[in-house]
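Trainee: Residues per chain are reported as follows:
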Amino acid sequence: MKFKSGRLISLESLSVPCARDAKLKSGYLLSLEAVTAVFLLLIAASSLPLFRFQEDRPQDFFLCSDAAIVFSKSHAFADGSLQEKVQTASELSGLCIEAYSPLTSASSCEGEGADAERYAFTVPIWQSGALQEARVSCWGDR
Amino acid sequence: MCRETQQSRFRGYFSVDAALALVIVVFAYASFAYLASHAGASADEESRQISNSLVSLRFSSFLVEEAITKGTEGHSSVNELDLSRLLDLDLKGMLKEMAKSYAKVSVGGREGEIFSKWEGEAGEEVFCSARLALLNGEIVRLEACLG
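Sequences listed follow chains A and B, in order.
Read left to right, the first sequence gives residues 1 to 142 (the UniProt record's numbering).
Read left to right, the second sequence gives residues 1 to 147 (the UniProt record's numbering).
Accuracy of the hints is not assured; some may be wrong.
Below, a list of computed lysine-lysine pairs in the DSS-like style, where the Cα atoms sit at most 30 Å apart [as the list claims (entries may be wrong)]:
#1 B:Lys104 <-> B:Lys70
#2 B:Lys100 <-> A:Lys73
#3 A:Lys73 <-> B:Lys96
#4 B:Lys104 <-> B:Lys92
#5 B:Lys117 <-> B:Lys96
#6 B:Lys104 <-> A:Lys73
#7 B:Lys117 <-> B:Lys104
#8 B:Lys70 <-> B:Lys92
#9 B:Lys117 <-> B:Lys100
The following residues of chain A were derived to be distant from chain B, with all beta-carbon distances above 10 Å [unchecked claim]:
#10 Pro58
#11 Ile69
#12 Tyr100
#13 Leu103
#14 Glu133
Honestly, the hints are just simulated from the structure, not real lab data.
Note that the Cβ used here is the ideal one computed from N, Cα and C, for glycine as well.
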C-alpha cells in the first residue's frame, strides 16, 4: 500500500504488473508448456511401436510344412531315424524343429522355445501297424 | 516507477514464452514431417521386400513342383526331387515369362552343394527362398533365387 495525495490506494487499483505478478504468470505459462511437452512426448512415445519394423518370415511356414511332409514320407517315425532326420532338417532350414508321435519324439533344440511362437503341422504316419497322428512344430532361428 | 520496470520485465517473460512456443512449433513440425516421410519410406521398403520374398517363395514352390518324381501312371510324389528333372529345368524360359533378369536353383545336403544351376546376371538385389525336400531318400535343401 502507498499514500498518494493523502489518499490510500492499492497497487492493484493502478493495474501495475509488479515483479511478483509477472513472475507468477510466466511461471504458470512455462509449467503449462512443460505439461504440454510431456503430454506430446507421451503420445509420441506411445505411437513408436506402430513404426517398429516387424520381421515376418513367410518361408518358415513352408519350411516347417516341408519338414513335416519329409519326416512322414521318409518313414522317420517308424524306422528309428527321427532324431537324426530332425537334426538334419533343422541344420538345413535354420529352424528349431520338434517332432512327436504317440510312440516317439525328437527335438533339435532341447529345452528351448517354450514361449516361442511356433508353426505346427499334424501329419498322418503309419506306425506299429496302425495309422497314427504325428505333430511337427518349428520356431525361431537356431 | 513500478509500472515501467515491471512492465518491461513482464514483456520480457512473454517474449521468452513466445520464442519457446515458436521453437516448439518448428521442432514439432520438423519432427512430424520427418516421421511421416520416414514411415512412408519404411512402409514402401517393407512392402517391396515382402512382395519380392513372396515371389521367390512362389518360384520355389513352382520349382519343387516341376522337379518332383513322376510315376509311370502319372502320379507325382510330393517333395521327392528327381535330379534329372532339375537338370532339365528351363530357367531361361522362366525368366522370360517372369520378366526377371536372374534365376538360380541349388540343392544342397549336409555334406554340401549337390546341384546348382543359374541363368542371367545377378543384379543388386536377389531374393532367395529355401525349401526342404527328399533326394534319393535324403533330406536336402532346395534354394530358389530371383533377381
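Trainee: Holds or violated: are the alpha carbons of Lys70 of chain B and Lys92 of chain B at most 30 Å from each other?
Mentor: 23 Å, holds
Trainee: Please verify whether Lys73 of chain A and Lys96 of chain B have alpha carbons no more than 30 Å apart.
Mentor: Answer violated: Lys73 of chain A to Lys96 of chain B is near 35 Å, above 30 Å.
Trainee: Do the alpha carbons of Lys100 of chain B and Lys73 of chain A lie within 30 Å of each other, as the hint requires?
Mentor: At roughly 34 Å apart (the allowed maximum being 30 Å), Lys73 of chain A and Lys100 of chain B break the hint.
Trainee: The output says Pro58 of chain A does not contact chain B. Does that hold with a beta carbon cutoff of 10 Å?
Mentor: 6 Å, violated
Trainee: Take the C-alpha atoms of Lys117 of chain B and Lys100 of chain B, compute the straight-line distance between them, and say whether it is at most 30 Å.
Mentor: Status holds; Cα separation ~16 Å.
Trainee: Any Cβ of chain B at or closer than 10 Å to Leu103 of chain A, or is the non-interface label fine?
Mentor: Per Cβ check, Leu103 of chain A is outside 10 Å of chain B; nearest 21 Å; holds.
Trainee: Hey, does Ile69 of chain A actually stay past 10 Å from chain B on C-beta?
Mentor: Nearest chain B Cβ is 5 Å from Ile69 of chain A, so the label is violated.
Trainee: Does Lys117 of chain B pair with Lys96 of chain B here, judged by a C-alpha cut-off of 30 Å?
Mentor: 16 Å, holds
Trainee: Below or equal to 30 Å on CA atoms is what counts here, so check Lys117 of chain B against Lys104 of chain B.
Mentor: 6 Å, holds
Trainee: Verify that the Cβ of Glu133 of chain A lies farther than 10 Å from every Cβ atom of chain B, and report whether the claim holds or is violated.
Mentor: 18 Å, holds
Trainee: Does Lys104 of chain B pair with Lys92 of chain B here, judged by a C-alpha cut-off of 30 Å?
Mentor: 10 Å, holds
Trainee: Check the hint pairing Lys104 of chain B with Lys73 of chain A against an upper bound of 30 Å on the C-alpha distance.
Mentor: Cα-Cα ~27 Å, so holds.
Hints 2, 3, 10 and 11, counting from the list given before, are not met by this structure.
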